[in-house]
Structures are given as C-alpha cells and as structure tokens.
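K.L.:
Those sequence lines, one after another, are chains X and A. Residue numbering for the first sequence follows numbering that gives the first Met the number 0, beginning at 0 and increasing consecutively. Residue numbering for the second sequence follows numbering that gives the first Met the number 0, beginning at 0 and increasing consecutively.
What the hints contain is simulated information worked out from the structure, not anything from laboratory work. It cannot be assumed that every hint is accurate.
Stated by the list, open to error - Listed next, the in silico SDA-like pairs over lysine to any residue satisfying Cα-Cα at most 20 Å (straight line):
#1 A/K552 to A/R453
#2 A/K286 to X/R13
#3 X/K137 to A/P289
#4 A/K552 to A/Y531
#5 X/K104 to A/E320
#6 A/K552 to A/S420
#7 X/K137 to A/Y293
#8 A/K286 to X/E138
#9 X/K2 to A/H265
#10 X/K122 to A/I518
#11 X/K137 to A/G287
#12 X/K122 to A/E262
#13 X/K2 to A/D261
#14 X/K122 to A/E320
#15 A/K286 to A/R325
#16 X/K122 to A/K286
#17 X/K122 to A/G517
#18 A/K102 to A/E89
#19 X/K137 to A/S420
#20 X/K104 to X/R140
#21 X/K137 to A/T267
#22 X/K122 to A/D261
#23 X/K137 to A/H263
#24 X/K137 to A/Q319
#25 A/K286 to X/V136
#26 X/K2 to A/S288
#27 X/K137 to A/H124
#28 X/K2 to A/E264
#29 X/K122 to A/R325
#30 X/K137 to A/E264
#31 A/K499 to A/G517
#32 A/K286 to X/K104
#33 X/K137 to A/P283
#34 X/K2 to A/S420
#35 X/K122 to X/E144
#36 X/K137 to A/L277
#37 X/K2 to A/P283
#38 X/K2 to A/H263
#39 X/K137 to A/S288
Here the structure is a predicted model, which is why all the values come from computation and not from measurement.
Residues per chain, in single letters:
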Amino acid sequence: MNKHFRRELEQLTRDILVMGGLAETAVSRAVRSYLETDAAAAESVIEGDAELNAMELRIEEEVLKILSLYAPTARDLRYVVGVFKITNDLERVGDLAANIAERAKLGVEASPEAQRDIADMAKTVLRMFRESLDSFVKEDRARAEQVLDTDDQVDSKLSKIYDAERKRDAGNITETLRALSVAKHLERIADHATNIAEDVIYMVSGDVVKHQY
Amino acid sequence: MNSRLSWPARIALLGALPAVVTLIGMTWFVFGQSADHARTRLREATLLDVSLGSLSLRGRKGAELAQTVDEMATRLDAHLILLDGAGAFEAGSKSARSVVDLKALSSSQEVAGARRLDAALRDAHSPGKHGWTYAAAKVPGSDYVLWMGRDDSGRVAAMGAPVVFTWILVLLTCFAVLLLAKNLARSVTAPVSALQRVVDSVTEGDFSRRVPSSEDKQFDRLGTAFNEMTAQLETTLRAAREEAAQLTTVLEGLSEGVIALDEHEHVTFVNGAARDLLALPADPEIKGSPFYEYVREPRILGLAQAVVTTRESQQAEVHQEGPPRRTIQIYAAPAFAGSTSLIMVFRDMSRLRRLESMRSDFVSNVSHELRTPLAAIAAAVETLSDDEARLDNEVGPRFLSMIDRNAARLEALLQDILALSRMESRPESLAREPVEFGGIARSVVEDLRGRARRAGIELVPPGADRLPLLGDGPMLYRVVENLIVNAITYTPEGGRVEVKTEVEANAAVLRVCDTGVGIPHASLGRIFERFYRVDKARSRGAGGTGLGLAIVKHVTGLHGGSVEVVSEVGQGSTFTVRIPLADRVSQESS
Chain X
0 MNKHFRRELE QLTRDILVMG GLAETAVSRA VRSYLETDAA AAESVIEGDA
50 ELNAMELRIE EEVLKILSLY APTARDLRYV VGVFKITNDL ERVGDLAANI
100 AERAKLGVEA SPEAQRDIAD MAKTVLRMFR ESLDSFVKED RARAEQVLDT
150 DDQVDSKLSK IYDAERKRDA GNITETLRAL SVAKHLERIA DHATNIAEDV
200 IYMVSGDVVK HQY
Chain A
0 MNSRLSWPAR IALLGALPAV VTLIGMTWFV FGQSADHART RLREATLLDV
50 SLGSLSLRGR KGAELAQTVD EMATRLDAHL ILLDGAGAFE AGSKSARSVV
100 DLKALSSSQE VAGARRLDAA LRDAHSPGKH GWTYAAAKVP GSDYVLWMGR
150 DDSGRVAAMG APVVFTWILV LLTCFAVLLL AKNLARSVTA PVSALQRVVD
200 SVTEGDFSRR VPSSEDKQFD RLGTAFNEMT AQLETTLRAA REEAAQLTTV
250 LEGLSEGVIA LDEHEHVTFV NGAARDLLAL PADPEIKGSP FYEYVREPRI
300 LGLAQAVVTT RESQQAEVHQ EGPPRRTIQI YAAPAFAGST SLIMVFRDMS
350 RLRRLESMRS DFVSNVSHEL RTPLAAIAAA VETLSDDEAR LDNEVGPRFL
400 SMIDRNAARL EALLQDILAL SRMESRPESL AREPVEFGGI ARSVVEDLRG
450 RARRAGIELV PPGADRLPLL GDGPMLYRVV ENLIVNAITY TPEGGRVEVK
500 TEVEANAAVL RVCDTGVGIP HASLGRIFER FYRVDKARSR GAGGTGLGLA
550 IVKHVTGLHG GSVEVVSEVG QGSTFTVRIP LADRVSQESS
C-alpha cells in the first residue's frame, strides 16, 4: 500500500502545482491585459478559468479517494487536507484573475500613476503567491512565514493606491473605479496566498496560525 | 570470507586432515595394543611372584615362616598375608593388615581361586585401590595360601610416560603438517588473493594498483592480462569522463536551455541558459528534485509526460507570462531510443518572433505606403486619358501636378527605404570623412527657410559653433533635415522651431525644439520605429514617408551617437542628437 500511496501523493503534488502554475499565469496575464488593454489576453484568462475549476474538482476527488482508500495519518493526513484547502484558494485566485480580466476587456486605459502602482502591487502579489506555492513544495515553514509578513506590504500598497486615487483630480471616474477594483482584487489574491502559507505551516508543524497574523 | 575459513586453510585442512586422522588413529591403536600388553605382563609378573613366593614357603614353619614372609614382602615391594587352611591369619607383612580386611579375605575371589587352582589373580575394584592387583597361591605341601596385594599404579604410570611423550610428539607433528599444508596452499592461492585485492580496488575506482608478477606461468599470464585490461579501462574511463566534462561545458555554453530528467521526472542536468529562461535555482538545490516542483507550467509538464507515454520526441511553443514575457520553443525527446528519461531543449523565440512580426509589418507598411501614391497616379492618368479633361486649362495641369507630386513621393519613399536598407546591410558604406556638423545644420536651416515661412513658422538658426566630426555629410544633412521638417510639419501656424548646437562632454549636440502638437507618452517609445504614426490620418496627409525618424536613429547610431526625445502633448517636442566629436580632426582643422 505504501508504494501506491506515495505515488498517489506525488501525483497529487504534481496536480496542485500545475493548478498553481495555471493560476499564477492567469493572474499575471490578467494584470498585463489590464495594463496594456489587451482584450485578447483578457479573453484567454476568462476562458482559462474553466480549466482551473475543472482541476479543482479533479483534485478534490483525488483527495477524497486517498482519504477513503489509504486512511493516511499524522503528517500525511495534514498534507492531504492541506492540498484540499489549497485547491479552494487556487480556484478563488483563478476567479479573481478572471474578474480582473473582465475589467481589462472593457478597454479603459488607466492613468500612468495608477498603472505604475498596480504594476508594482501585482509584482509583489505574484511573488507572494509564487513563494506560498514554493513553501508548500519545499514544506518550508520559514518561507511560509515570510509570505505572511509580505501581506502587510500588500495591504499598505492597496491603501496607498486608494489615497492616490482619492487625491488625484479624477477626470475619468470609470477609470478610477476600475483601477481601484483591480487593486482590490490583487489584495484578495494576496490574502489567498496568505491562506496557502498558513495551511503550509499547519501541514509542516501542525501549528494553527490562522487569525494570528 | 569473514566467518568462514580462508581458502588456504580450507585447502590445507582438506589435504592434511586424512593424514592427521590416520596418524592419530594409528598411534591410538598401537598404544592401545601395547598398554594391554604391558598390563598383561604386569599381572603375569604378579602371579609369578606370588607363585614363586608360595614355593619358597614350602616346609617352613613358625617364626621362620613369618620372617620369610616379611623378607619376601620387602623384596617384592608388596603386601603379603599367609592364611592357614581355615582361612585364619598365619603370618603377614607389617603393613598388610591395614591394607585389607582379613575377614573378607578368606572368602575373596583370589583366595578361593587359589585353593581350587593353586593360583589366582584379581584386579582391585574398591575405591582408593585403583591400579592394585591381588593374587593368591597355595603353598605346595600344605593348606596354606599366600595372598599378595601390590600397588602397580606406579609401574603402569612409568610405562605410560613414553606414551604421553609420544602423543605430544604426534600432535606436534600433526600441527606441523597442518601448518605446512596451509603454507603450501597459500603459496598456491597467493596469486589469486593478490588478483582479488587488485580487483577490489579497481571496483572501488582506484586504477593505480597492478597485479604483481607471479612465479606461476598461468597466474602470471592472467595477471598481465588483467593489468592490461585495467589500463585500458582506465584510459576508456578517463576519455569518457573528459568527454562528459566537455559535453557539460558545451551544454553550459549553449544559448538554448537544456534540461535532462530521469524516469521519475527528477532533474539530472540543467544548463545555465535553462536556469535563466525558467528562473530555476542553482544546481545543488534542483538536482534530484522533481521537475514539477520548479516548473509549474502545465504545457511544459504535459509535453514531458507526452514524451514519457509515447516515447517519441515532442515539440511545442509556450508563452510565458513572465516578467519578462517570453515565447519559448520546447523540444523534448527520450534520452535515447525507448527510454523514459528525457531531454528537453528550450529556445527563447521572443526575439525571433518579434523580428518576424516586424518584418511582416514592414512589408505590409511598405506596400501600403506605395499603394497610396500609385493609386493617386493611376486615377490621375485615367482622368487625363479623357481628351476633354486633358485639354481643359484647369483640370489638365491640376492632374499633371498630382502625378508629379505623387511620383516625387514614391521616389522619396524608395530612396528612404534604400538608404535604410543600405545602412542596415552595409554599415561600412557610410563615409567617414571629416565634416563640420554645425555647418551642416546651418545649411539645412538655410535651405528650409522658405518652407518654414510658407507654413507661417519662425525658424531660429543655430549659433556659429564648430562641431567637427568623422562621418557621412549627406546622411548627416538628412538627419537634420528630417528633424526640422518634422518640427515644421507638426507645429501649427505661428509657432516656433528652434535649432541649437553645442558641445557637451566631448559630443556634438543638436537640439530641435518646436512648439508643436507634441507626442503622447504611450507613443514616445515607438516613434523611431519604421512607419509608426502617432495619428495615422493626420501624418499621411502631412506628407512624409514614415521613415524619417527611423533614418535619424540609424544614422546617429552608426556615427556612435544617440537620439532622444522629450515631449509634452500640446506643449511641443525637443529632439536631441548626440554624436561624439572627432578630437584629432578638430585639432587639424583649427
């Protein structure tokens, strides 16, 4: 059983990482489509969301199969449950990317300041997201904790964008609202990365750090 | 070999054991025989002694009898007792009474035997009497019986001494035989052991050891053959290692990324280009880890899996979102035919794709730019082919001048394209002569003065700075002309175009500032591209080939200089050209 179980776990890891890769690409493409008002790229993000949803269902099925077939214990159990939770986060990230892409599809160019701020925020969020998946792969608690720390940066970036947009002589209210909603979506993606990092800490050490940071 | 006997010992045991067993067995047998023999003789002697003693007692009586018995006991080193016919004690040696129980004596086996058969003998069995012999004999001519008890254990021991000595000798001989046999065996197996040791060290990767020569011809030949084989193996292995090192160097130097995966999709090799292209960590971390932990791109992983399942090479193009955004062409193939380990080659196609799209853009732009004047000419010719129109005083000249204007535009376009392509394909065709950039700028301004006046624009000429350069005069003229014509074109009536020259950090600097419409931020980075138009409708109407700024950029670049632009929509633009001065030339001319 052990050998089969290990193989199943490996496949699970692989699947969740592929899903993470898809979500990451979706986010960075969505942000780019917004910044460059590239409707085709935005469309491909929206279409790609279906794939992420399908993957979520598949991974959940896989997790249930492993739980019922092998009844894992201790660390293995935490791992499988962690994967189960991370899938949900990844699926939500995909949805948020699609939301950003929806805004991008409308083709309103953001102001240069907003563009710069959002590009900067997106960079941080994407790095955070990638780091959270890395910490999962490497089962690295220190890395996961770093992700939790970065979340504060993202929050302050968001409030900075809010402030900047408020102060700016808003010539185009649509443009401003759009920039704010994209920024808000990015912040929520960062929250999902935080969730993943928390799950990783639980997975590695069994400590619950939720609602502490 | 650890728990069992060594080869030589086993051979020695096998060879010498029968001999040793035979020797010990034979000794055993011989000594057994001779011990029996000795014992028999001792008993015979005892029986003889007692019989002779009884003979010498014949006819003696009383005190004489007792004295004779005593003397005899001393002589024979035995205990003697004389019993009368009723079995009562008659006489005896001094110590005899303590040796034996008199009451039991008269009924003892030997006494009874002596009465019946004249003489009898018995070995002692009672505890503490081991090695004793009892004998009895009837004294002839009377009913007396002489009993004798003697401790023979000393005599038996004296006879046994040589036996022990012999046994020691035999055992020593056996040991010597075994030792000898072992040494003999070892001398036979020594070359084998030597070979064994060398084989072991070769197995561990140490090729420096050689099998020593052996006295035995066959072993010597075997050793020599093995040595040759080892030498060859060493050479082959070294060559293989060198080749592998060379291959690694080559792979590291490749501009294509190369990754090798084993059958479990674990990374076994990554070169530098692959690390850069896929943002992978350094070697020790990634080697041996699953590929999917680092590259989560589903298309790439899918390709790897396709190779594993089909065992055939696969190819795909993947768009990486980045940053930076990239188009990567991937070729994945089994490491060798039928293998499930695989090699992936990544090539960054972004540049190529960009160039391709630029080329196709260029072709479509050129054909578009050519088509517009051609269509105008065709339309004019068609109109003029009608006699009435041609001879009309107003229509005729108008269409002729239209043909003239469009033909001129075609020519300008062709000339620009030719100039660009010449500069691109043969940069050396650009002259490198001493020229004076300030003078060129002034003459351009002079030549365009009329045009500026017609457009209602004030054209401010540069100062009298001398800017000696090494370069191509006509092309530099073209640069200044293009910039000023652009400035005039995009500046509304009543505006101002100012041309300035100066020397700045060893470079000639030309600035063309206008108060024109300006260039939007988004377009600033692209205006030096061929046929790029900020506002498509407006520019073509304003004339120009769409290649002017591309030529400016190219020419300044070929002169080792640069061009940059600062612009604000509605405020105007400033183009700055910097070209390094030719020091030597400036000294010569001044």
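K.L.:
Identify every previously stated hint that the structure contradicts and give their numbers, smallest first.
P.N.:
1, 10, 12, 15, 16, 17, 19, 20, 22, 24, 27, 32, 34, 37
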